[in-house]
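Novice: Here's the letter readout for the chains.
Number of protein chains: 2
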Amino acid sequence: MNEVIDLLKSHRSIRKFTEQKIPQETFLELIRAGQSAATSNHVQAYSIIHVTSPEKRAKIAELAGGQKYVETCSHFLVFCADMKRPTDSAERAGAEVIRGMTEQFLVASVDTALMAQNVVVAAESEGLGICYIGGIRNNPAEISDLLKLPEHVYPVFGLCLGYPDQDPEVKPRLPVESILMEDEYREDAASVDGFDDVMRTYYGARTGGTKDTNWSEQLSPLFNAKLRPHMREFLVKRGFELK
Amino acid sequence: MNEVIDLLKSHRSIRKFTEQKIPQETFLELIRAGQSAATSNHVQAYSIIHVTSPEKRAKIAELAGGQKYVETCSHFLVFCADMKRPTDSAERAGAEVIRGMTEQFLVASVDTALMAQNVVVAAESEGLGICYIGGIRNNPAEISDLLKLPEHVYPVFGLCLGYPDQDPEVKPRLPVESILMEDEYREDAASVDGFDDVMRTYYGARTGGTKDTNWSEQLSPLFNAKLRPHMREFLVKRGFELK
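Each protein sequence line maps, in turn, to chains A and B.
For reference, each letter of the first sequence is one residue, going 1037 to 1279 in our numbering.
For reference, each letter of the second sequence is one residue, going 1037 to 1279 in our numbering.
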């Protein structure tokens, strides 16, 4: 279609990086590109913590479930949903601010994700590789303490950035007809079955036939237990009361 | 820096579209580019409703607070966080599925946002203009009924896509030092004050001096009242219990 779309479609997570560092001016351009993403009512409800301390990186790698590339990538970022800056600013301008609404949590989380995805696209356009680290939500309170996050700020995900030292395949996605519907929701279990076959072939080929599983089976352990059951209490304590 | 970063930095919302329609193959490529975004544990927890019915478009435009461009753009999409497909699939594969966790709500909302932002970047790379419609959350229950969304699916935002019939300025963003921090959170009220000055100048210039306000003042009405106070109850009713 065009080179940008080709770039987007070539995305895969990178978990092995060379020792080359991203130049500072390039890095700042990635962040500025991130900030150019749409933001709900211009709130810009996000902050990024660039973690440079090797000790903090090692601690985060451990807290995220032993993800070594948090330490070995060029730049490791923690993307935070930040309702503190916009609400504090409104308060200084004279508003009697109401905090803790579910909608505010959603606005800040979505704003953060849109911004991060622009950083990712910008990074990949510069030949960098990336890996999102949702694992920081395994221990969000410890991560928040480590980064001295104040109330009304929470860590949504981490992001590894660096020059790729591996070239993994692009992972298949559901067929477009599974997720795209016209005028009303439509279930399509048959297309999921087809995708399960695709994924079984993919896993088999990647592992020389030793990994015999599919998409639905891979998801099972994720939903078979309470997923990160601490999240609600953590958020409430940090001022995201989900009212 | 490079053309992709220039493209990202040139984003502004478009609210006036020509009558030209996006070709179907281009449209599908945008969606596929969206699907290529990273997804938490490969859950792909999203669905897109392409709203083609003029009646439904008119109704959504009204429910979103009178946003006429929902009707006049080439393609109007509703991006839905969808925990139904992955959890139903895991269930069919034999899992005893637990639903309604706060973390699942977050995963699905973030997955949807990352995917949507890729669609946006792809669209803008094809010369299209876009406008996110958060206003669909003014009346999420009515929107859900209109689009027959089942339980465990909710509408996160809408998106107008089409060929621009206006050329608005890029809206300023906070300076990068306001939102980018090293190793720990740092408040920077001074940079917000500077940005307030930038925005006062911007609003003044855009309105021939009649709009005398700044960023913090603009945010005040947003936080001075309960923002979309129905959201929590709506989500709980739809199976996102935020446990």
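Treat each hint with caution, since some may be false.
[Unchecked claim] Result set (BS3-like, lysine-lysine): computed pairs, CA atoms no more than 30 Å apart in a straight line:
#1 B:Lys1273 <-> A:Lys1184
#2 B:Lys1207 <-> A:Lys1273
#3 B:Lys1045 <-> B:Lys1273
#4 A:Lys1045 <-> B:Lys1273
[Said to hold, decoys possible] Restraint-style ranges between C-beta atoms, simulated for each label pair:
#5 A:Asp1181 <-> B:Thr1088: 33 to 41 Å
#6 B:Ala1261 <-> A:Pro1186: 39 to 47 Å
#7 A:Thr1246 <-> B:Asp1181: 44 to 52 Å
#8 A:Asp1181 <-> B:Gln1202: 27 to 35 Å
#9 A:His1266 <-> B:Glu1187: 49 to 57 Å
#10 B:Glu1277 <-> A:Thr1249: 35 to 43 Å
#11 A:Pro1059 <-> B:Gly1230: 51 to 59 Å
#12 A:Glu1277 <-> B:Lys1273: 27 to 35 Å
#13 B:Gly1230 <-> A:His1086: 19 to 27 Å
#14 A:Glu1132 <-> B:Gly1230: 23 to 31 Å
#15 A:Ser1089 <-> B:Asp1229: 38 to 46 Å
#16 B:Pro1186 <-> A:Gly1102: 52 to 60 Å
These are calculated hints, taken from the structure and not from any lab test.
Predicted, not measured: the structure shown is a model, and the values here were computed from it.
In this text, a Cβ means the ideal position worked out from N, Cα and C, and glycines have one as well.
Novice: Determine for every hint whether it applies to the structure shown.
Specialist: Hints and how they fare:
Restraint check for lysine 1273 (chain B) and lysine 1184 (chain A): the C-alpha separation of about 35 Å exceeds 30 Å, so the hint is violated. The suggested pairing of lysine 1207 (chain B) with lysine 1273 (chain A) is violated, with an alpha-carbon distance near 34 Å, which exceeds 30 Å. Using a Cα cut-off of 30 Å, the hinted pair lysine 1045 (chain B) and lysine 1273 (chain B) is violated, with the two alpha carbons roughly 39 Å apart. At most 30 Å may separate the alpha-carbon atoms for a hinted pair to count; lysine 1045 (chain A) and lysine 1273 (chain B) exceed this at roughly 36 Å.
For the pair aspartate 1181 (chain A) and threonine 1088 (chain B), the beta carbons lie near 50 Å from each other, so the given range of 33 to 41 Å is not met. At roughly 24 Å, the beta-carbon separation of alanine 1261 (chain B) and proline 1186 (chain A) lies outside the given 39 to 47 Å, and the hint is violated. Judged by the Cβ atoms, the range 44 to 52 Å given for threonine 1246 (chain A) and aspartate 1181 (chain B) holds: they are separated by roughly 47 Å. Between aspartate 1181 (chain A) and glutamine 1202 (chain B) the CB atoms are about 47 Å apart, so this pair departs from the stated range of 27 to 35 Å.
Take histidine 1266 (chain A) and glutamate 1187 (chain B): their Cβ atoms lie about 25 Å apart, and the range 49 to 57 Å is violated. For glutamate 1277 (chain B) and threonine 1249 (chain A), the hinted distance range of 35 to 43 Å is not satisfied, since their beta carbons lie about 29 Å from each other. Evaluation of the 51 to 59 Å hint for proline 1059 (chain A) and glycine 1230 (chain B) yields a failure: the beta carbon distance comes to about 26 Å. Separation of glutamate 1277 (chain A) from lysine 1273 (chain B) is about 19 Å and departs from the stated range, judged on CB atoms against 27 to 35 Å.
Checking the proposed 19 to 27 Å range against glycine 1230 (chain B) and histidine 1086 (chain A) shows it holds: the Cβ atoms sit about 21 Å from each other. About 25 Å separates the C-beta atoms of glutamate 1132 (chain A) and glycine 1230 (chain B), a value consistent with the hinted range of 23 to 31 Å. Restraint check, serine 1089 (chain A) to aspartate 1229 (chain B): a C-beta distance of roughly 29 Å breaks the suggested window 38 to 46 Å. Checking the proposed 52 to 60 Å range against proline 1186 (chain B) and glycine 1102 (chain A) shows it is violated: the Cβ atoms sit about 37 Å from each other.
When held up to the earlier numbered hints, the structure conflicts with 1, 2, 3, 4, 5, 6, 8, 9, 10, 11, 12, 15 and 16 and fits the remainder.
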